[in-house]
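Now for the letters of each chain:
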Amino acid sequence: GENVEQHPSTLSVQEGDSAVIKCTYSDSASNYFPWYKQELGKGPQLIIDIRSNVGEKKDQRIAVTLNKTAKHFSLHITETQPEDSAVYFCAASYLGGGADGLTFGKGTHLIIQP
Amino acid sequence: DVKVTQSSRYLVKRTGEKVFLECVQDMDHENMFWYRQDPGLGLRLIYFSYDVKMKEKGDIPEGYSVSREKKERFSLILESASTNQTSMYLCASSFIGVVDEQFFGPGTRLTVL
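Chains A and B supply the protein sequences, listed in that same order.
Using my numbering, you'd call the opening residue of the first sequence number 1 and step up by one each time.
Using my numbering, you'd call the opening residue of the second sequence number 115 and step up by one each time.
Derived from the structure by calculation, the hints contain no laboratory data.
Computed from a prediction, not measured in an experiment: that's the story for all the values here.
Virtual Cβ for every residue (Gly too), placed ideally from N, Cα, C.
Treat each hint with caution, since some may be false.
[Unchecked claim] List of simulated lysine-lysine pairs, DSS-like, C-alpha gap at most 27 Å:
hint : chain 1 : residue 1 : chain 2 : residue 2
1    : A       : K71       : A       : K22
2    : B       : K117      : A       : K37
3    : B       : K185      : A       : K42
4    : B       : K171      : A       : K71
5    : B       : K185      : B       : K169
6    : B       : K169      : A       : K106
7    : A       : K58       : A       : K22
8    : A       : K37       : B       : K171
9    : B       : K184      : A       : K71
10   : B       : K185      : B       : K167
11   : A       : K22       : B       : K169
12   : B       : K171      : B       : K184
13   : A       : K42       : B       : K184
[Said to hold, decoys possible] Covered by chain A, according to a simulated footprint, are these stretches of chain B (three or more residues, beta-carbon under 8 Å):
hint : segment
14   : 150-162
15   : 218-224
Whenever a hint applies, use it, and build me the whole structure from the sequences.
Below is the structure:
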């Protein structure tokens, strides 16, 4: 089955700086790579996703890049703000019809220092 | 707004008890999922369902079963709770189709004593 590794487990950055979280996956058949943000006391919420036919996707201050050859993808957050503090999860899945459970990384606790 | 609700935020049970965790979604999603979340382990898929009365095992199904009698409701059952099932349980739902965003409930923190 799929295996997703995520690094680092904790990341502390100064407010206004950039943050980068990296993930690798094992199954070359995976073609869908979402990122979820989990705030304290809440369930994870999708913030951005990318499919294997795209190398990069951007949405305001967040961007995701995908390197299919190396089987890794990254989340980039620029101009970090206090509300970016949360746990971030990467995931991988194969979208082939029917239900598709996501395989998640272990999470990164992002701390924005004022 | 999509809403996924879970029957309890906190639950305390004793070893050996039968435990039911309920999840309801209001967006007519075909897919529903149960995950458990443990510190340092992330989210792990227990079971999922793509239709009423259909179920598929995830990565860690041992000790759990599920029931989906209605499209909007997906139940996770611990037949005989054990202390190693103390965890946060998250339910999610999604459409079948090109867009695969999963919508999560707030979670149930289960403690088995």
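Tested hints:
The hinted pair formed by K71(A) and K22(A) meets the criterion: a straight-line CA distance of about 11 Å does not exceed 27 Å. The hinted pair formed by K117(B) and K37(A) meets the criterion: a straight-line CA distance of about 17 Å does not exceed 27 Å. The hinted pair formed by K185(B) and K42(A) meets the criterion: a straight-line CA distance of about 24 Å does not exceed 27 Å. The hinted pair formed by K171(B) and K71(A) meets the criterion: a straight-line CA distance of about 26 Å does not exceed 27 Å.
About 12 Å separates the Cα atoms of K185(B) and K169(B), which keeps this hinted pair within 27 Å; it holds. Using a Cα cut-off of 27 Å, the hinted pair K169(B) and K106(A) holds, with the two alpha carbons roughly 25 Å apart. For the hint linking K58(A) to K22(A), the alpha-carbon distance of about 16 Å falls within 27 Å, and the restraint holds. Restraint check for K37(A) and K171(B): the C-alpha separation of about 25 Å stays at or below 27 Å, so the hint holds.
Proximity of K184(B) to K71(A) is assessed by CA-CA distance (about 39 Å); at most 27 Å being required, the pair is judged violated. Between K185(B) and K167(B), the direct Cα distance comes to roughly 9 Å. Compliance with the 27 Å bound is thereby established for this hinted pair. As the CA atoms of K22(A) and K169(B) are separated by approximately 32 Å, the hinted pair breaks the 27 Å bound. With a CA separation close to 19 Å, the supplied pair K171(B) and K184(B) stays within the 27 Å bound.
In summary, the hint linking K42(A) to K184(B) is supported, as the alpha carbons are separated by about 25 Å, within the 27 Å threshold. A stretch counts as covered by a chain when three or more of its residues have a beta carbon under 8 Å from one of that chain; for the segment 150-162 of chain B and chain A the count is 7, and the coverage holds. Only residues whose beta carbon comes within less than 8 Å of a beta carbon in chain A count, and the segment 218-224 of chain B has 4; three or more means the coverage holds.
In summary, the structure is inconsistent with hints 9 and 11 from the numbered list given earlier, while agreeing with the others.
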